[in-house]
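Chain by chain, the residues run as shown.
Number of protein chains: 2
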Amino acid sequence: MHSGRKQDDGERYRAIMETAARLICERGYEGTSMQEIAAACRMTKAGLYHHVQNKEQLLFDIMSYGMSAFEQDVLDKVAPMPDPVERLRECMRLNIHLVTGGCSKEVIIILHEHATLTGEARSFIDQRKKRYVRFLEDSFAEAVRTGRIRPVQPTVAAFSFLGMVLWIYKWFQPDGRLSATQVADEMVDLLFTGLVAPGSAASPLLSLVAPKSVEGMS
Amino acid sequence: MHSGRKQDDGERYRAIMETAARLICERGYEGTSMQEIAAACRMTKAGLYHHVQNKEQLLFDIMSYGMSAFEQDVLDKVAPMPDPVERLRECMRLNIHLVTGGCSKEVIIILHEHATLTGEARSFIDQRKKRYVRFLEDSFAEAVRTGRIRPVQPTVAAFSFLGMVLWIYKWFQPDGRLSATQVADEMVDLLFTGLVAPGSAASPLLSLVAPKSVEGMS
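Chains as they are written, first to last, in full-length UniProt numbering: chain A, 1 to 218; chain B, 1 to 218.
The reader is advised that the hints may include incorrect statements.
Chain copies aren't distinguished; within one or between two, either way the pair holds.
[Said to hold, decoys possible] Derived pair list, reagent style DSBU-like, types lysine-lysine, alpha-carbon separation capped at 35 Å: (1) K55 with K170; (2) K55 with K77; (3) K77 with K105; (4) K45 with K77; (5) K170 with K77.
The set of hints was computed from the structure by calculation and includes no laboratory data. All of these numbers come straight from a predicted model, not from anything done at the bench.
When you get a sec, could you build the whole thing from the sequences and use the hints?
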């Protein structure tokens with residue numbers, strides 16, 4: 001009985017988070033009141049507070065849920081891949097599908113409300129975000145070190161990757177001219193095809209196309 | 001006398017916009033009250049309303065100011081350049097300097113408060129943004145058509161460009177390890193060096209590195 005009750009509470013809380021995420025995504029955190037969240041959940045405000053400590057806790061839980069979905073569907077899947085370029089390409093592809101798919105509202109909230117949380121809650125989310133940035137920087141650095149791509153600055157490459165992928169929520173339309181798969185294929189091609197060093201640093205390709213970048217290549 | 005008075009009013013209004021932009025950038029539009037803007041301007045709320053019709057008008061004017069700065073410092077400078085790749089490279093460089101430089105708070109507000117304006121004000125700003133997207137799409141399409149770059153989907157290329165450049169406001173620190181010029185040089189290299197077709201579509205480079213992309217290239 002007790003665990004059944006707990007499960008019901010858990011399901012109820014997921015449903016509240018889902019509804020709150022939809023509202024916050026549409027109207028912003030400041031523009032959404034607990035009263036409105038309660039009404040959208042067909043609850044009284046007092047009933048809502050039975051499940052939710054406060055609005056900031058709800059925002060933190062929505063962001064944590066989004067980060068967990070990202071870690072499970074993207075990071076954990078690609079982190080074990082041995083080749084850094086294949087790892088980065090697959091990571092971009094999976095992250096694009098996360099942004100264009102079911103978790104897009106949690107992703108939007110993580111991005112848009114980045115400065116809304118305070119204190120420990122904010123630094124907890126920030127640390128999970130930083131883990132992703134470091135993963136990308138490390139993978140780009142490894143790809144350069146092993147001669148798999150021409151030399152790039154890993155931090156700029158990591159944030160370029162993130163900018164391309166995360167900006168998608170601003171322009172992509174699920175029912176638009178371009179499918180999520182097309183966007184993913186095109187973006188992976190845009191960023192990686194030109195970076196991949198074809199076998200050797202002395203390739204005529206590199207001296208022809210990127211004379212400056214060859215400097216410092218082993 | 002009359003034109004002197006008008007000039008004073010204009011200067012005063014610029015100072016109000018500057019202060020309001022700083023507050024809105026820090027706290028968000030919803031999180032900033034007219035009372036707080038007045039206090040930061042060392043004015044009474046009634047005094048502020050002598051210069052400002054309402055908060056939405058102030059937001060619109062800040063965004064218009066940011067768009068004008070962008071058009072003057074970036075778009076108008078690069079639009080006449082005959083070569084589409086040089087045009088895009090220079091456009092990325094100038095836009096990065098705008099985002100990392102003095103106009104960053106207006107840029108952040110344009111990006112962050114994109115859904116705050118309503119009605120005509122919103123569609124006016126949206127049209128100016130769309131003009132930039134079209135300019136980028138047209139330039140990428142021209143670069144493909146004239147064989148200056150390997151085939152890419154112009155819309156995905158345009159939004160990848162924008163994502164890379166506009167995401168910078170989220171991570172760049174003016175006093176950090178990387179200078180604005182370094183970021184600009186690295187990003188231009190990341191996106192364009194690998195795209196530039198070296199002379200001919202039959203180049204061994206293209207068949208080696210990007211077999212899929214050669215399809216449909218004239």
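Verification of the supplied hints:
1. K55 with K170: Classified as both: same-chain Cα gap 25 Å, cross-chain 25 Å, threshold 35 Å.
2. K55 with K77: Cα proximity of K55 and K77: one copy only (32 Å, versus 47 Å across).
3. K77 with K105: within (22 Å within a copy, 37 Å between copies)
4. K45 with K77: neither (40 Å within a copy, 55 Å between copies)
5. K170 with K77: both (26 Å within a copy, 26 Å between copies)
Violated hint for the displayed structure: number 4, the only one.
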